[in-house]
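Chemist: Below are the chains, spelled out letter by letter.
Protein chains: 2
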Amino acid sequence: MLIREASDEDFDAIWPIFHEVASAGETYAFPRNTTKEEARRLWIEVPRKTFVAVETGEIQGTYYIKTNQVGPGGHVCNCGYMVALSGRGRGLATAMCEHSQRVATELGYKAMQFNLVASSNVGAVRLWHRLGFETVGRLPRAFRHPRHGYVDAFVMYKWLQS
Amino acid sequence: MLIREASDEDFDAIWPIFHEVASAGETYAFPRNTTKEEARRLWIEVPRKTFVAVETGEIQGTYYIKTNQVGPGGHVCNCGYMVALSGRGRGLATAMCEHSQRVATELGYKAMQFNLVASSNVGAVRLWHRLGFETVGRLPRAFRHPRHGYVDAFVMYKWLQS
Numbered sequence: 081m082l083i084r085e086a087s088d089e090d091f092d093a094i095w096p097i098f099h100e101v102a103s104a105g106e107t108y109a110f111p112r113n114t115t116k117e118e119a120r121r122l123w124i125e126v127p128r129k130t131f132v133a134v135e136t137g138e139i140q141g142t143y144y145i146k147t148n149q150v151g152p153g154g155h156v157c158n159c160g161y162m163v164a165l166s167g168r169g170r171g172l173a174t175a176m177c178e179h180s181q182r183v184a185t186e187l188g189y190k191a192m193q194f195n196l197v198a199s200s201n202v203g204a205v206r207l208w209h210r211l212g213f214e215t216v217g218r219l220p221r222a223f224r225h226p227r228h229g230y231v232d233a234f235v236m237y238k239w240l241q242s
Numbered sequence: 081m082l083i084r085e086a087s088d089e090d091f092d093a094i095w096p097i098f099h100e101v102a103s104a105g106e107t108y109a110f111p112r113n114t115t116k117e118e119a120r121r122l123w124i125e126v127p128r129k130t131f132v133a134v135e136t137g138e139i140q141g142t143y144y145i146k147t148n149q150v151g152p153g154g155h156v157c158n159c160g161y162m163v164a165l166s167g168r169g170r171g172l173a174t175a176m177c178e179h180s181q182r183v184a185t186e187l188g189y190k191a192m193q194f195n196l197v198a199s200s201n202v203g204a205v206r207l208w209h210r211l212g213f214e215t216v217g218r219l220p221r222a223f224r225h226p227r228h229g230y231v232d233a234f235v236m237y238k239w240l241q242s
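Read top to bottom, the protein sequences are chains A and B.
The numbers in our numbering rise by one with no breaks, and the one at position 77 of the first sequence is 157.
The numbers in our numbering rise by one with no breaks, and the one at position 2 of the second sequence is 82.
Keep in mind the hints are simulated off the structure, nothing from the lab.
Values in this document were obtained by computation on a predicted structure and should not be read as measured data.
Hints should not be assumed to be uniformly reliable.
[Stated by the list, open to error] From chain B, some residues computed to sit far from chain A (all C-beta separations above 10 Å): (1) E125; (2) G137; (3) L196; (4) L211.
[What the hints assert, rightly or not] Derived Cβ-Cβ restraints for the label pairs, each shown as a range: (5) L240(A) x K129(B): 35 to 41 Å; (6) A104(B) x E89(A): 41 to 47 Å; (7) T215(B) x G169(A): 34 to 40 Å; (8) R182(A) x S200(B): 30 to 36 Å; (9) S103(A) x L165(B): 26 to 32 Å; (10) E138(A) x D92(B): 50 to 56 Å; (11) N113(A) x V202(B): 41 to 47 Å.
[Claimed, not checked] Here are some chain B residues the structure puts well away from chain A; computed CB gaps all over 12 Å: (12) L82; (13) D92; (14) A93; (15) E138; (16) N148; (17) G153; (18) G171; (19) T174; (20) A175; (21) Q181; (22) T215; (23) K238.
Think of the CB as a built atom: it goes at the ideal place given N, C-alpha and C, for glycine as much as any other residue.
Please model the complete structure; the sequences and the hints are all you need to start from.
Modeler: Next comes the structure, spelled out in structure tokens:
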């Protein structure tokens, strides 16, 4: 597996993954009906950098990194990760999260924060814990799940340097 | 005191308040050197609505309301409040926060979240508690204070409807 920075041409391969994840509405705070153009803005243009995970020539995963809050909060970054259904169970999320922590440190960030991890997304919560993130907050009913209704969401956080 | 929606012409009176608060760097996640044009974008254009608090004909406070996270998080709003130094101690922040909760409900939001309340901002934390907000998270060293260095920040949250 290769993780490399995304180019403009990669977006046609990123879009099906984004659409699959966003339209399910179970994990990310993106509208389920996000258009391709809006997805490009949210995933490529707004973030500071965007990466893709490539296996046997195909883009199977993608992540972005951006500053979570500017000014006095500017040393904390935020990342989002998506893996194609066809690429799951092979460690891509782990590889991308570890990669993003190295990139974050290179970019000068001191911590990484996930703002809205749906509590129903048990696999993600377990994975982020394993990769050193702490649950530092619980937002009551802050995530509207398409089947479970309002569920709590976690704020997860990792200090990257000591 | 009158709280009313801000017009474009109000920004010249909002800017000294914004600049006073942002340049101190002690409470808000805005760069201390934010320019007037960038402030207009952050405080007026990006938010859904912006209000001013007027006393004896002068704008003494201002707040914005916006959607905190879109899609499955879109029922939670975020607000920011600023009071001129000359207007402090007269209940403007309380009045604006209560006003904003009514506006939030009218706009269809179900909860309000403050994402990064510096733990050193003891007065604000006490005030939000008094107005029904809970501290639901603690972000270790997430706020870089100009005198105290890295301090923890709180996530505060209130469900507006039951």
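Chemist: Hint numbers the structure violates, sorted upward?
Modeler: 3, 9, 16, 17, 22 and 23
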